[in-house]
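**Q** What follows is each chain in one-letter form.
2 protein chains.
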Amino acid sequence: MSDKLVYFFGNGKAEGDAKMKEILGGKGANLAEMTNVEIPVPAGFTITTEVCDLYYKNERQYPADLNKQVDENLAKLEEAMGMRLGDPENPLLVSVRSGAAASMPGMMDTVLNLGLNDEVVEGLAKKTGNPRFAKDAYRRFMQMFGDVVLGVAHHDFEHVLEEIKAKKGAKLDTDLSADDLQEVIVAYKKLVKDQTNEEFPTDPKEQLWKSVNAVFGSWNNPRAIKYRQLNDIRGLIGTAVNIQSMVYGNMGDTSGTGVCFTRNPSTGENKFYGEFLINAQGEDVVAGIRTPEPIDQLANEMPEIYKQLVAIRSKLEKHYKDMQDIEFTVQEGILYILQTRSGKRTGAAAVTTAVEMVKEGLIDKKEAVKRVDPACLDQLLHPMIDPKFKYTAAAKGLPASPGAAVGQVVFTAEEAERWDEQGKAVILVRIETSPEDIGGMHVAKGILTARGGMTSHAAVVARGMGTCCVAGCQDVKIDEKAKIAVIGGKEIKEGDVITLNGSTGEVILDKVELIEPQMSGDFKVLMEWADEFRKLKVRTNSDTPHDTTVARGFGAEGIGLCRTEHMFFEGDRIDTVREMILSDDLAGREVALKKLLPMQKSDFVGIFEAMQGFPVTIRLLDPPLHEFVPHSDKDIEKLANKLGVTKEKLKAKVDSLHEFNPMLGHRGCRLAVTYPEIYNMQVEAIFEAAVEVEKGGTKVFPEVMIPLIGDVAELKMLKDNALVVAKEVLGRHNSKLEYLIGTMIEVPRAALTADAVAKEAQFFSFGTNDLTQMTFGFSRDDAGTFLGHYVDQGILEKDPFQELDQTGVGQLVEIGVQKGRSVNPELKIGICGEHGGDPKSVEFCHRVGLNYVSCSPYRVPIARLAAAQAALKNGSA
Amino acid sequence: MSDKLVYFFGNGKAEGDAKMKEILGGKGANLAEMTNVEIPVPAGFTITTEVCDLYYKNERQYPADLNKQVDENLAKLEEAMGMRLGDPENPLLVSVRSGAAASMPGMMDTVLNLGLNDEVVEGLAKKTGNPRFAKDAYRRFMQMFGDVVLGVAHHDFEHVLEEIKAKKGAKLDTDLSADDLQEVIVAYKKLVKDQTNEEFPTDPKEQLWKSVNAVFGSWNNPRAIKYRQLNDIRGLIGTAVNIQSMVYGNMGDTSGTGVCFTRNPSTGENKFYGEFLINAQGEDVVAGIRTPEPIDQLANEMPEIYKQLVAIRSKLEKHYKDMQDIEFTVQEGILYILQTRSGKRTGAAAVTTAVEMVKEGLIDKKEAVKRVDPACLDQLLHPMIDPKFKYTAAAKGLPASPGAAVGQVVFTAEEAERWDEQGKAVILVRIETSPEDIGGMHVAKGILTARGGMTSHAAVVARGMGTCCVAGCQDVKIDEKAKIAVIGGKEIKEGDVITLNGSTGEVILDKVELIEPQMSGDFKVLMEWADEFRKLKVRTNSDTPHDTTVARGFGAEGIGLCRTEHMFFEGDRIDTVREMILSDDLAGREVALKKLLPMQKSDFVGIFEAMQGFPVTIRLLDPPLHEFVPHSDKDIEKLANKLGVTKEKLKAKVDSLHEFNPMLGHRGCRLAVTYPEIYNMQVEAIFEAAVEVEKGGTKVFPEVMIPLIGDVAELKMLKDNALVVAKEVLGRHNSKLEYLIGTMIEVPRAALTADAVAKEAQFFSFGTNDLTQMTFGFSRDDAGTFLGHYVDQGILEKDPFQELDQTGVGQLVEIGVQKGRSVNPELKIGICGEHGGDPKSVEFCHRVGLNYVSCSPYRVPIARLAAAQAALKNGSA
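Going down the list, the protein sequences come from chains A and B. Sequence positions in the first sequence follow this note's numbering and run 1 to 877. Sequence positions in the second sequence follow this note's numbering and run 1 to 877.
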């Protein structure tokens, strides 16, 4: 290690630079870097992380030379700023802040306005002509120093403050006058004396060293240690301490403060953007007492400063090669940049900025693709709440399907359809949805459920449809019979207008303005660049020609999951499906299946046509049969009449389908082991449809997928059945159509025995929804009651139904891939759970060598971008 | 390979021996072996498996020399038997049978009575003085040969036979006279001619070669191939063919036949046992038309033969070192042994035989321990149906808990308790049982359920109690309201007497005689020998002092699983439990928990005292809370009154506990993440109890087990909570009690992340019931509807809830062991699922290095024996 313990920055040059993060910390290195590129940063110096390390190694003693180096640098600082610490005539005030190599926001201590005492505060008052400002700075300093350094509790200071406010009849801190604040200062001194038995220190040098001690000390406070554990921050030797001159924008009309963005953070437009206030501090901009002016106006009010700022804008963007969010202060005609960082931006701005920066030569395509957070593309694909509109949410649920929707509340799917026919926009509010609600869900602008998680029926279907959905909103109590909901304590009746924000999970009891998404040219360009880099194919989960067309528009390269059961609910089909299920024997089932065959065929025709030769993976019937039958006495009676059986007999049959844990029950391929005729009908429909579309001149590539297998013997039996049917149909039509028969890997045992399974499968598709359910033992329909708790308490970092659990479930995926390919190195492997549209999960899929991911249509662009980033990150693009 | 294609046996010596199974097949080698030790086996010869191999390799051509070798051996055979093939005066009849190195019973073809034609049959009639016998042998031969060799379907022959029987007014085959049979023979000839266009072959040599061809051909018939696949029989080159002289016991009063056992197969008593018939064939013994005489009687009727037989009995036992089941025939004063094999025996006989044979010096202890099938010990531990009693079962369900029970039918647990108080023996008949039925289950002699599998609530609880149970009996329809059941089509009312056979799953609509088990001294001796060899410890699953005492009596070395929830149902406790569950806040729950604390404590005191210092693993609360609350409107109202809340409020609370898939829901440690106070109370009760028992002078070793963890963070949180409570209690009592805190591995993710989990766990216990559920995705409460299908169709070999699925679930166990021990090589690991009492699963547990298995009290001896066999088999004892 070096003998140099302190690094200066100021006056246009710094002893450190951006590369010295390890010893200067992130903040110190950044301040040095800005100084070096001649950004006018308030001068200061950084005590290195190595000092922190030595401090702890040496029983909280500093290296002998530190005192001298700090003194030297303080002198340089005083010279640079033309002010002196503790000089009542011209006082230098400083901040003392932590700054480690990794960001640990808010975890360590800070002291601001250091250098004030009874004498200096009067000088400051005189110099600024603002006694209130000076007294307020002093009392803030005392409070912060008292808390951080002297160990007097923050709430004790607040208590004193509140007492004086009460006495003065002041509501806000700002209602206190300079004299009032003087009273506070006196009371603070007493508080400190009472609690510590010592006077509040008046010597600025003593204040400085005690603050430095406190900041180094805070490196090992319990919450900082915890934060490093939780965020897996390891190998750091300590924090640096930054001592920097304070600057103030409220020193009169030649002072001011502002925030600006180098480009428009909403649209990405390459135009200087921001706002400022004359004679104000940064907190005044935030407090909203005065309305800031747009940054252009600064050209009139402080033309010289504006010119400097425009130059800095350009310099910072070129230097950091990204859109910057800049905080500045003008103190008595001198511009200081307090901070610059990559600006937060909307999805649209992210895309436009990235694409335009490539055109401007600032960055290359790879960088542009890496730069945009895939998740933010979501904003480009759904209507959203106008960001200018301020609202208060009455309740908050899970952000189950993004976008926003305004509409009138209805409580049943039937009402939704009826109201829709009358041209009304409706929000469907349900305790939970079931497949029978599909019609109402389709017409609803938004869906709100009281129960269910991110992969509940409502959430999955809504995302598939691109319909806004807030799910599992526990603050919503619904009385479906009475057609009343209590949302966040307020009663809502059928027909009342509410707004859902599916991107945040918020429910607003009012009409809120929405804006329609713009599918800009830049977006398309970025997607094309992403496609150049990615290795993973991106397919879609789609059950209808409409969704299929939407997904193709978003660039889907096939269907990874076409669920056939949704088709079973459409229109009158459900009656035929029920007839089949409730038959007593094979003959009865076959009669009903014969009626279903042409319906299923027509579904597949539409989907094959829309996919134009891209592969279409069709999953054979998966859900337990009880999902298709009615359960209420009234509905059973109705159906009994239709089928011409007694109500009792039908009820007995329906009851016999009841299961304790349907998710682990008689479903998926297990249905077909018992009733092979069901899958046989579906396979016949698939190949009849394929042949018909092929004859019409459109290419078709069907992939038949057998769900829920746990043992190769199930697959073998059902595959053999399917082959017989497929060959029969193709033979009959003299077709040479190519196709695959494969399976989902969604039962842990299938992954564990993937080597055996791969002998019979032409492809694998990981059904990570079920795989997650079974690997965790979490029912996604029930986990809502405790999963929130788990994430809140840090037991799980994420809801594993949203982001693939790489630690546990991921092991099974890797085992499945490795064992499957050990038998068949060319095995095509994809993923069709909800995770296929989650960027981190997509990266995982890339890393373990899948061939494709499949996700809902509206997440296809996200997956394309995430796949490109995965390839770039893992060096394979 | 050798030039020798055929091996002779007869006249007291054979060319082969027992060691030549590979080329002579099992049967051929055994016949040779018997011949060599001078057992009078009917002479014959074996064509080797190598001939079969060559036959297939050479387009179904035999080696050139075979013809000659067969002729030579046939001549030797004729000489040995003093009869000639095709000689009308003194005809030799032979059997032609398959016999591979591995047993494939019934899979390949056999021809009996070969050598008959129109001429020979008359000679045979004359020689035996029994034309009916001769004609019947002929027609049987024609039918068998016609089917096997000529390809005329068996049912076509049967059809002809039935027609003639109808014409003659004969009900049974035996009602046909010699002349009638002659008609059959003529008709058979015509049938063969009609179907094959050829005459039935009359040349015995032709018959012989065609039969040999057929037997070799049957090696590769589809069912034989399938059988070898299913039974994983590999590496065999083919079947041998055995040609052996037929002998007949119905050639007059110097002939006879019988079956005998070298010891009593019911009791194991070392006394010659068996029965015989003079002038009869083996099938006459079976048919039961004549009553056979006890074997002792043979000493009077055929003293010389009896003497020979007694000598053979002794010789065979000494040779095979096991109790033998011997079939013999006396043909005209000459004794032939047709077959000897290890005799099937009852559990009692198996134990006694093994122990006595050690005393006799026939076998050593290891052999004795290996000799007894652990499963058969079950018979020694429960009342059973008197084997002498013949009955007809009306229905058959799953053999869920062994033993038998007779009693009066009741349909509710309350009735069961009421009737029991009146001194009546009851059988509790339920659609399914729930924890609320526990009282009734406890008093019932037997339990019959219509739904649920081998690990359904009824089955698990019944096995735990040692109560006979038939579960999932689909032939039982129950109307609980009407108090009527239809069992196998017959209506049964409350109070009717039925009998259950829990060892077979049979339901008998009658009173059947039961016998009480004898806990013989031999049994105890065998168990002690087993203990000398086993490495695995054997613990028990027990929730009560009573069960604990029973299990100690059976040799349990601790409790592997003490479920605390069963205690929650006892007596009035359920009210307090409900009060706790239905509280709106922590304060309310704590009030109820405080009331529960002394009750739980007293449970543990009893169990600790009964276990006398052996480790007691206590699983903290596991089931979802809704299992404890009432569900019917009436019960809810009752409880609401008790708790002083409105019915509506209570109902809403009960409804809010409903889950779609409770097995994957809010249960196990998830409850304690939400309500830590529940586990804290339980831990306090455990340690308060432990300290009390310790003070009383009895050693205590509690192991606190946290269930259902899927992530180490859950365990860490709950373990830390438990440690605080434990330390507080022990500190308060100044106790230095040792204890462990560990976890169940029952969620796949826990096994996959066992390295992380092991950092916080002091022991692992594999909960293979849940692990099986989640790894297969099978709900054990629902799998009954399809699991039978799976086993029947050969998709699964076994119900994985009965025998641990080593292929899939076993991988997770191995991963868990390996990863857990990678972090903590000394980690104590056990299993506490139902598999802990299954012998094959116990062997698996031994092999993967577990420390102990735990099973229900009545399976402890089985596990002890299985553990010893596992150690012996795997060379570690």
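Hints in this document: simulated from the structure, not taken from any laboratory. Please read these numbers as outputs of a predicted model, since none were measured by experiment. There could be a bad hint or two in this list.
Covered, in the sense of this in silico footprint (three residues per stretch, anywhere, with C-beta under 8 Å from a C-beta of chain B), are these stretches of chain A [said to hold, decoys possible]:
no. : stretch
1   : 351 to 362
2   : 572 to 580
3   : 658 to 665
4   : 766 to 780
5   : 804 to 814
Here are some chain A residues pointing at chain B (derived, C-beta under 8 Å) [claimed, not checked]:
no. : residue
6   : R670
7   : T674
8   : M717
9   : K719
10  : V747
11  : P748
12  : L752
13  : T753
14  : T785
15  : F786
16  : H789
17  : Y790
18  : V791
The beta-carbon is built from N, C-alpha and C at its ideal position, and this holds for glycine as well.
**Q** Hint by hint, say whether it matches the structure.
**A** Consistency of the hints with the structure:
no., hint, in the structure
1, 351 to 362, "violated (count 0)"
2, 572 to 580, "violated (count 0)"
3, 658 to 665, "holds (count 7)"
4, 766 to 780, "holds (count 8)"
5, 804 to 814, "holds (count 6)"
6, R670, "holds (5 Å)"
7, T674, "holds (6 Å)"
8, M717, "holds (7 Å)"
9, K719, "violated (13 Å)"
10, V747, "holds (4 Å)"
11, P748, "holds (5 Å)"
12, L752, "holds (5 Å)"
13, T753, "holds (6 Å)"
14, T785, "holds (5 Å)"
15, F786, "holds (5 Å)"
16, H789, "holds (6 Å)"
17, Y790, "holds (7 Å)"
18, V791, "violated (11 Å)"
Violation of the numbered hints given earlier is confined to hints 1, 2, 9 and 18; the remaining hints are satisfied by the structure.
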